[in-house]
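full-length UniProt numbering numbers the first residue of the sequence shown as 1 and each following residue consecutively.
These are calculated hints, taken from the structure and not from any lab test. What you are looking at is a predicted structure, and each value in this text was computed from that prediction instead of being measured. Any given hint could turn out to be false.
[Stated by the list, open to error] In silico DSS-like cross-links for lysine-lysine, where the CA-CA straight-line distance does not exceed 30 angstroms:
no., residue 1, residue 2
1, Lys47, Lys79
2, Lys99, Lys79
3, Lys221, Lys126
4, Lys47, Lys221
5, Lys79, Lys106
6, Lys259, Lys79
7, Lys106, Lys38
8, Lys106, Lys126
9, Lys38, Lys126
10, Lys8, Lys79
11, Lys126, Lys259
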Amino acid sequence: MRLTPVDKLEFLVLVDNCIEWFSALPPGFVHEVPQHLKRPPPNEPPKDPLTGLPVLDFANYCCGAHGLSILIMTTIGDKTYQVLMDGGPEHLTIERNVKAMAVELKDLDAIVLSHWHSDHSGGILKALELRQSSSSSSSFSSSSNSLGPLDTLDPLNALPVDLHPERPIRRGICNVLTDAQTTYDRPIHMVVGGLHLVPTAQQPVVETVDFLSRRLRPSPKYVLPLHCTGLEARAMLRQAMGDACITAGVGMRVTVDAKAEEELDADDELQILD
């Protein structure tokens, strides 16, 4: 499989089990609250009438939910592409959080559904509805952006759909990373998503932590354990990997300058230790 190199990668966690605003973050990472406070008009935060200072408008911030949804933006030259991976567990969370983060889905190029469990697929129809409504109400020409009402859409012309009827089962994060490093002959820069390490007593938590922190060489620069990783496994990853394990949650935005990171990773020797 050939991949197209990108100049910049940015992603926004729209749905996750956790809300986290207080942990220290490395450059390129930002929690939800600072994004609200620095937002320009017309989405600037409300201000206290006495002090003129911005107010934390909790009623319009993100909420957590048992599920996952990540908006991924890649830039190649002057062109930016948007992909929504998963839609969270139901329509309420994805709608609230899209509005909270002032996200426009009208330019969404594709939706990727990791698997059909309801905690990943439950908000997909709402995401499509939000995409359609934002396209219809945008200032751009309706002839080039509007797809028409949802009930009249041609399903083959709305968004690309790539079905996998063989229904492959999860291979586990260790196998996925080994295969990725071998296939593309380059180090794993960042691991993002649910690692399926719950319940702890029934999952290979110790082995997975050892693989990510010691056996996989070089270790990922960052690991963002989300959703179904579980608090115990997160704590073990944090203990083993230190600041490389990011305490992530809904509303977090991450920006990666591809060229800068490629220079850092260029000389690393790839191997899997015993």
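field: Enumerated hints in conflict with the structure, sorted upward
entry: Going through the list in order, the structure violates hints 1, 3, 4 and 11 and respects the others.
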